[in-house]
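Chains as they are written, first to last, in my numbering: chain G, 1 to 655; chain Y, 1 to 315.
Hints should not be assumed to be uniformly reliable.
As the list claims (entries may be wrong) - 30 Å max Cα-Cα, derived DSSO-like pairs, lysine-lysine:
| id | chain 1 | residue 1 | chain 2 | residue 2 |
| --- | --- | --- | --- | --- |
| 1 | G | Lys607 | G | Lys145 |
| 2 | Y | Lys93 | G | Lys115 |
| 3 | G | Lys115 | Y | Lys8 |
In case anyone wonders, no lab produced these hints; they're calculated from the structure.
Okay, here's what each chain looks like letter by letter:
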Amino acid sequence: MTYQSDVAATLLEVRDLRTEFDTRTGTVTAVDGVSFSVAKGERIAIVGESGSGKSAMAMSLLRLLAHPGRVAGGQVLLDGRDLAGLSERALNAIRGREVGTVFQDPMSSLDPVMKVSRQMVRPIMRNLGLGRDDARTEAIRWLDKVGIPDAARRIDAYPFEMSGGMRQRVMIAMALSCRPRLVIADEPTTALDVTIQAQIVAMLKDLTAEAGAAMMFITHDLGLVARFAHNVAVMYAGRIVEFGPVGAIFAAPQHPYTQSLLRTIPSVDGLRNTRLAQIPGLPPDMRRKPAGCAFRARCAVATDRCARDLPELGPRPGGLAAACWVEGGLTAAPVRPEPRRKPARIAPGKRMTVEINNLVKHFEGRSLLSKNRSVVRAVNGVNLRVRNGETLGIVGESGCGKSTLARLLLGLEQATSGEIFIEGLAQMIFQDPFSSFNPKMRIAGIIEEPLAVQRWGDRAERAARVEDLVAKVGLDPSHLDRYPSQLSGGQRQRVAVARALALNPSVVVADEPTSALDVSVRAQIINLLADLKADLGISFVFISHDLLTVRYIADRIAVMYLGEVVEYGPAEDVFDRPVHPYTRALIDAVPIPDPKLEAGRSNAPLKGDLPSPLDLPEGCAFAARCPMASDLCRTEKPVLKKHRTSQEAACHYAN
Amino acid sequence: MLDYALKKSVQLVVTIFGVVTLVFFTLRLIPGDAASAMAGDTMSGEALELLREQMGLNEPILAQYAAYLRDLVTLDLGQTITTRLPVAEMIGKAIPVTLSIAVLTIVLTVIISIPLGTVAAYMAHKGRARLDNLLTGFAMIVDLMPSFWTALVFLLLFSLTLGWFPASGMVSLDDPAVFLSRIALPVLVLSVTQIATMARITRTSVLEILSEDYVRTARAMGWSEFRVLFRHALKNAALPIATVIGLSFGNLLNGTVIVEFIFTIPGIGNLLINGINSRDYQLVQTLIVFYALLFVTINFITDIVYRALDPRVTF
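Bound conformation, chain Y alone (with noise of 0.2 Å):
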């Protein structure tokens, strides 16, 4: 287990690296560097050559990928070219924002979307399929709806019509009570998609399982349908959720983004928008790399769950 992770690791630092290299030269094809688009329209030529100059945009590419490389390792993430705040501490701020909604989404995904898409597994075994067909023509509706659509008759019925959740206002941490009233439409707005997908998911692995002879050993030997259903069924049908899971975390992410912009959330999506719209190469730049890091970790994570899930996974 621990030279998997361990082997793994290797894997994910080498993914990253790759990521990093990537966006950096990525972002210096596109035409125009971060000087013109930090003095704009009005600034002389020779002002903007200094501004380069001090930039170390005129050094020679590599010598410049070194430097950013060097910073990066060292969390010295420079400053905004917009505002002239540090980088690190406005993604720092971001972070926990964003990350709480993701996680109550998946919580609140999994506590439902089991246990429903196993009952209704259950009952298409049985051939009752009336929840099965229930579940199906939910999620069908569910995926035919954009998440900008839903999130804004989610505010108009909710915040606007019932008032029940504050449309928008301040954000933080400091008072869990608020925050949470905060993210609870942007939370709901993002589960709504996700447990229709991961319902239906575990309706299909469930339903597969449930026909295995193992199954049918467990009812042999005298276990309760509960026993049967979410002891042997459910725990081997858990490997293919659990990677679902895992990329439906990729989803979820560009999810938040349009959540944010649309409830006006502080999070890392807002951060984004912001930063293309105006063109802040230093901010985009790390929140790139930032979200690849995610990604990466949630399928190292994933991978590493998979495993534990499985004693058969080897590598």
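Chain G with its partners taken away, still in its complex shape (with noise of 0.2 Å):
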């Protein structure tokens, strides 16, 4: 069925779109007869985990796909004329002029031996039959448009001289330059800190309204979807299982999947005393999709009849369209939500298992010809304490220092200066646990390394103590014989948790833990966590960007920005009463998934990019980027102080 918008004149129709890859073993079906409808001028949000089929779909419209993908079947009708059906050479001259495309890396998404004018002003010039000083005022006027400053000069610089939010900027310059009238979007915030991201959405939601295009945004973070979109469509194993307003898929999503993606997300009102909820097992295996309803295996609300029957997009209330046999889908069977387990045998006691006290790390760059040396101050004077059986969070934007206190905290880097005392051991779960993982050794050889290393037990011993660790985080036996290419990215991250708990250790550090997991995935890490936590009484050091996270998991946040901590204190606190204004703006700039909210939040995004941590400023470093900031906060830099009864925020004018 195809779902009709009725905004206004439709402007693209995707009828039965099929996307093949054909592998060594087997023919992957990405799009699975994919039909939808975008009118002019709207937004629509394609949301679902990897491998759900968004990306190779919106890939598909425009032919972009590469070997040994390609288009299987179906119509891609833009203005009714079929692009699935055109040679090459036509549908060049829609690519870039009637569809403009913003890809998800910005750090890779542009020619790097290019200057940004030669990659701006052909385009112009040959879309628009443009001179090529007039393409090139074109262009400093869209460089000028997404804030770019002193675009004029900015315009020959080359992409690696530019920040990663820059050059996401000039993609987007890129794309609306030639005045396409869909813009495609395929994750352009995922490799964005909290703050830019929430600068590029608005900017994009923005300027497509402004030239009246249609914007196609791809995206797995719900939250973002809430921000913009007018439609949204949901994928799961490359079909759309639900599509519909924004408003009544937030409100009431009828769709298995939607409903379960939507209630393991963190909530913002903060009710930390409940499991999130979690979509059991993985994925289906795209290559071997088994018959009738892809998501029944996660499904708790399956029928026999999903088994036999693929259920295609029917009618429901609120204007929505879901592909379920089971009408209501969850609400069928209303769940409660599970307590969280309670710290059972030690409290958050007085004794403190961290102690940091003027933690100072520079990092030194040398040039030989020059004899000013460079400094980067990564951490620039941090005291922070943890508690036995507590969880830090630790939160900031990329460049913050919160990945090299990390690494100090294990003794992987020596400080300049400063003191840190553990009592006992600190072991560390890295972001990308595949990367951090021997491929060519065994799961079970991988949880025993630190014990081994230790010369813990013998041989059995060891053994028994890794099938204990593999019980605790629930991972199954069987995968002790695997390699890590064989588990799924959120097997590994308990792989990675039980060999950190191998040793017992008295503190864990998690560097972003969850970010490189799907939505889905993500749940089932920080229940873990949070149980381990629970259970084991071990203190945790939480880093991430995450902010909703942090705040479900952490007893007490400390913002960091340029290698200080500017805010400290109960996470509640923090979150519900901010004091610093850094730490606002990031709490702003988190997307609520929440339509109705995120209409009624301030949408004044953070101005500009973290200063290079190479020359801070004299007086305080968040000034430059700050709302509120005067003549005292640019010479004298404020210190680390208590206001209220349990908050320290770093600010002249917290109050």
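Mind assembling these two chains? They're in different frames, but the hints should get you there.
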């Protein structure tokens, strides 16, 4: 069934699109009969986890798939013209001209050896029929519009001379400069920091609205969708499982998958006493797609019919359409949220597990010819304490020094000055377990490694310990003989947790442990960490840019900016009543998966980029981006001091 | 850029000085000296001693070294021991011949192998691997053939059987047509190996670049496949290719020694072989320094080109 948008005239209509990848082990049907339409000026969000086929679908529209991907069937009608049947040459007249594209990774999506001007000016000349000088003026105008400071000069910069946020702005300027009627944005903010993400999303929304262009926004982040979309298509295993207006999707989703996804996200109002809902299992292997509904193995309300017949999109209340045999989805069988486990043995005591005093880490860069040394002040005088059994969340944008702090805690890096006291042992969980495991080692060996290094017990004792650990992190013991590449992302992260726990550490440092995981798996890992925290009474240092997750799991939060802690206090207080303007800006930038709440929020994103840690300003490091900065802030550095009873903040105007 | 070139030139001078020093002392370590080589077996002990005195071989080694450096800087390269001709003049005559062969080979290689490798990469990227397999097969066969063997086969086929090119005869720059016909076969022999290597390197580099995100961006902007391939992909692939061209110049110089000998071409390579055979210290020593100079200069040029191609390269 095709969902007919009633906003205005149809711009794009996709009918029964099928995309296949011919691999050695079989044909993968990445997009399996997708139909929808987009009206002129409409903003549509395509939501799904990795492997859901959302990117393959978007790339199929303009046949931008790399070999061995190919469009195997269906129609892509742009103003009634079928793009799927066009020759490559005819399609090139559409690409960039009628349909602009913004890609995920700004760091790699611009040609590194070409100046921005070269990459922008030629398409404008070709598509708008302008002369070189006029095209250049037009390019500068767009760069200015997307917020590139000093655009007339920066246009002659190379991409590598710009930050990630700046490059994504250039990508957007490129995509919009030829005045397309449709902009396809494939995860355009995933690689960016939350404050930059807020800027980019707001800008994309404003600029497409201004130009009257429609936008197709592909994302795995439901919160972002609530911020700007008119319509939402939720994809699972190559098919659209739910489609409809954004308000209805968030207020009363109808498909069990959409319902589960929304429940897995930690909420903003912060009920921390319940476990996160988690979707059991993994998405299906697209090479051997099961008959019937692809979601049924992970669905709480699946029936016999779901195993036999493939459900088609059917109308639901609120203008929605859902592909499910069970009317109402999960609401048919209400589940009560499970309470979160209480810390059993050890309550957060007075004893300190970690004590960090005046910690400083400077990296010195030296150049041979010039005398002036450049110093990166990665960590610049940090004082923190972690009590026994407590979880400290550290948040901040990339470059704020949070990962350097983690490395210092583990002793992987020598501090320039200051002290770190750790009672007991510290262990680490990395963001990407795959690259931190030896790919030629079996899982059992990986978990046993720290034990073997420390000559813990004999071989039999170690094997028993490994089995014990595997059970603790909820991993199937049959996985012990496998290699890391044979596990899913969530399973690998469980292995990483098991390895970190092997030597009974007193504190585990987790650096972005969930950011490489899909939403449905993320909740599994967060629940696991929360359980371990309650059961084992170990302390955690949880480093993340995902504020909602940190709020859910941490007892106390430290907000870092350019190597310094600018705010510190109990998690609820920091979130509900932030004292420092930077904390407030960070929280405002986090998208909330609720269109009503989103509409009511101040959507004035924080301006500018993080300053370079090479030359820090004299006064408050945040002054350049702060809405309330005064001369005092620019000359005198505020110190971290108590505000209210429990919070500390470094700001002259905290009250 | 100028800074960079300047800094690199300083390194260049230091390297050359090192080579000169090494060559000087290594040759002095070999048993027997220039005087006894010159004298042969017949000269009496006294006469030999006199010769040593004349040649300054009785001076302390450091004084000899200083004198040698002084001569080198003033380009006073002395005379060959066997023919008593000025070394500078002999090398001066041989250089244009060898360089012509080398440069022509490089040009021919680049003209053929880069488009070939690029197209092969494109086909492989699109999943049509026939040209790619052909290229790999060709490269493997060529790699198995030593260049002296190829040279002999070419000589047999093109000169003796088909009679397209002369197998021997005067080599003079005065008559370009004759000169070209004389160096054509050496250039072909050297090119075959070079083309095989270079086409494969090009193919690998371009293939890797073709799956980069910015290539997809270029496609999404509506550029034709031709432009995507030659403007975006090849330009980025040019970096590793330039490095390989620079490195392969070394191989090429090795190759010239062999082909010059086989085709009796009076280039640097032949000069070197003759010098070694007649134990002509003066000549060999200078030639080694010259080769070193050539290598270092090529590396220098590669570095500069690399930097010009890739704005990200810093120092």
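Evaluated hints:
1. Lys607(G) x Lys145(G): With a Cα-Cα distance of about 14 Å, the restraint between lysine 607(G) and lysine 145(G) holds, given a limit of 30 Å.
2. Lys93(Y) x Lys115(G): Roughly 46 Å between the alpha carbons, so the hint for lysine 93(Y) and lysine 115(G) is violated.
3. Lys115(G) x Lys8(Y): With a Cα-Cα distance of about 26 Å, the restraint between lysine 115(G) and lysine 8(Y) holds, given a limit of 30 Å.
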